[in-house]
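Participant: If you want the building blocks of each chain, they are given just below.
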Amino acid sequence: MLELWDGLLAAGRLLISFDPDLLEIALRSLQVTGVALIVASLIALPLAALLAVRRFRLRRATIAVLNALMGLPPVVVGLVVYVILSRSGPLGVLGLLFTPTAMIIAQVIIIVPLIASVGHQSLRDLWAEYHDLLLSMNTTQRQRIMTLLWDGRRALLTAALAGFGRGIGEVGAIMIVGGNIDHVTRVMTTAIALETGKGDFALALGLGFVLIALAIMVNLAIHWLSQTERGRRW
Amino acid sequence: MVVSLFPLTTQGAMVRRRGNVLIGPVDLTLSGQGVTVVIGPNGAGKSSLLQMLYGLSRLSGGSVNWACDAREAQRRLAFVFQTPVVLRRSVLENVIYPLRIVGRPREEALALGREWCTRIGLGEATDRSATVLSRGEKQKLALARALITRPDALFLDEPCASLDGSATREIEALLQTASDEGTRLILATHDMGQARRLANDVIFLLRSKVHETGTAPAFFDGPRTAQARAFLAGDIVE
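Protein chains in written order, with my numbering: chain W, 372 to 605; chain S, 266 to 503.
Some clues are possibly wrong.
[What the hints assert, rightly or not] Just the calculated beta-carbon pair ranges, DEER-fashion: (1) Gly386(S) - Asp496(W): 53 to 61 Å; (2) Arg431(W) - Arg283(S): 56 to 64 Å; (3) Asp496(W) - Asp500(S): 39 to 47 Å; (4) Leu506(W) - Arg283(S): 17 to 25 Å.
[To be verified] Residues from chain W that keep clear of chain S, each with C-beta distances beyond 10 Å, as calculated: (5) Pro391; (6) Leu398; (7) Val410; (8) Pro417; (9) Val424; (10) Thr470; (11) Gly523; (12) Ile552; (13) Leu596.
No wet-lab data here; the hints were simulated from the structure. Idealized CB from N, CA, C, for every residue including glycine.
Go ahead and model the full structure; you've got the sequences and the hints to work with.
Facilitator: So, in structure tokens, the structure goes:
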């Protein structure tokens, strides 16, 4: 209990003093997860809509695999990305290992199935509602997908925020592919892991509270910015 | 030169699903004018006939032929469903949706959309979410959305089911105007009053088949078959 209190005090101290190291790793966390979220959303959301509107032979299997991949162990993803990006790996020539780009790649792999699965659940219901109407209007598949993505944007925002939550709190994969290098690839979660390893629980908890506050602020900001329906008006 | 869609002819057209015949075989010829009302007891196949003619159901046999190319015909048709489907957008965005998907410029579509919103009594509600409208308002919106492209033919599947008298009257007025402006209406209804008010021709369905067809005065004043007579008399016909 005392350690939790110390952690809160440490978090307060870090925030009040505008600790430059904290600011740097917080910004890097936001940068890595933000870019990963954008890339993952660009892949996952059209995929979710395509799975809702298109019938093909392996559709059910694809959905089942996506659902299963939501529980993809980050450490395994980290290992696979590490092997691929390592000097002797197929993409080793790119020199991406232990860079923020490698961390973004790992996070994209982790959050794409989550965003696609959660997004698909809501778009499937919306498609059931729109199916006859859009068919009767002779819409193209692309128009159907765009309509679902636009009209389902609030539910998809929730899916994207779930992906953000998973990404910003992820440690296993980015620790492996990023290496937790100070001023290069250190982010909030890897810093917490480092301080915990050093036995500085108060600082680790302090960083943890800052991370939670950061995640909540980003969620609230996105909700506020995307709130287009006010008082039954659009 | 614009080729007429009509006559629409079907030859042995039928739709089966999981071994059950939903409609057909149907042999029909529909000319290019007026209002055709499809009537019959519940489960007779009214919705199935409309969906088959429109092309929403895949044919299991026979053929449905428009006077022009089928793809061209599809672009000049519209459908209004029994349960109005509204997009999760504003009233105005719903009304202009068909124009936007065919590539009409946004400003032009918005101007026409506002005109139609006023026409259906939703001129003050253009920015409101369509999902919060009453059922009658949603159906008027669906009708405006179908008519904004000035379709050559409009299919309506019980558009006034479970609507109150004033909403029904407003929708019938819109339909009458559309018919007067040259849109061919094919309407399924179980409301005999509505059928008598709107119909020029009648198709009477029974057990998934066309049982009797004729002009509205001839059908309502002197039906040829005993089942049609019983149906018009209010008896239970199966």
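Participant: Run every hint past the structure and note whether it holds.
Facilitator: Here's how the hints hold up against the structure:
no.	hint	in the structure
1	Gly386(S) - Asp496(W): 53 to 61 Å	violated, 30 Å
2	Arg431(W) - Arg283(S): 56 to 64 Å	violated, 19 Å
3	Asp496(W) - Asp500(S): 39 to 47 Å	holds, 42 Å
4	Leu506(W) - Arg283(S): 17 to 25 Å	holds, 20 Å
5	Pro391	holds, 46 Å
6	Leu398	holds, 36 Å
7	Val410	holds, 27 Å
8	Pro417	holds, 18 Å
9	Val424	holds, 15 Å
10	Thr470	holds, 41 Å
11	Gly523	violated, 8 Å
12	Ile552	holds, 46 Å
13	Leu596	holds, 19 Å
Hint compliance for this structure: hints 1, 2 and 11 are not met, and every other hint is.
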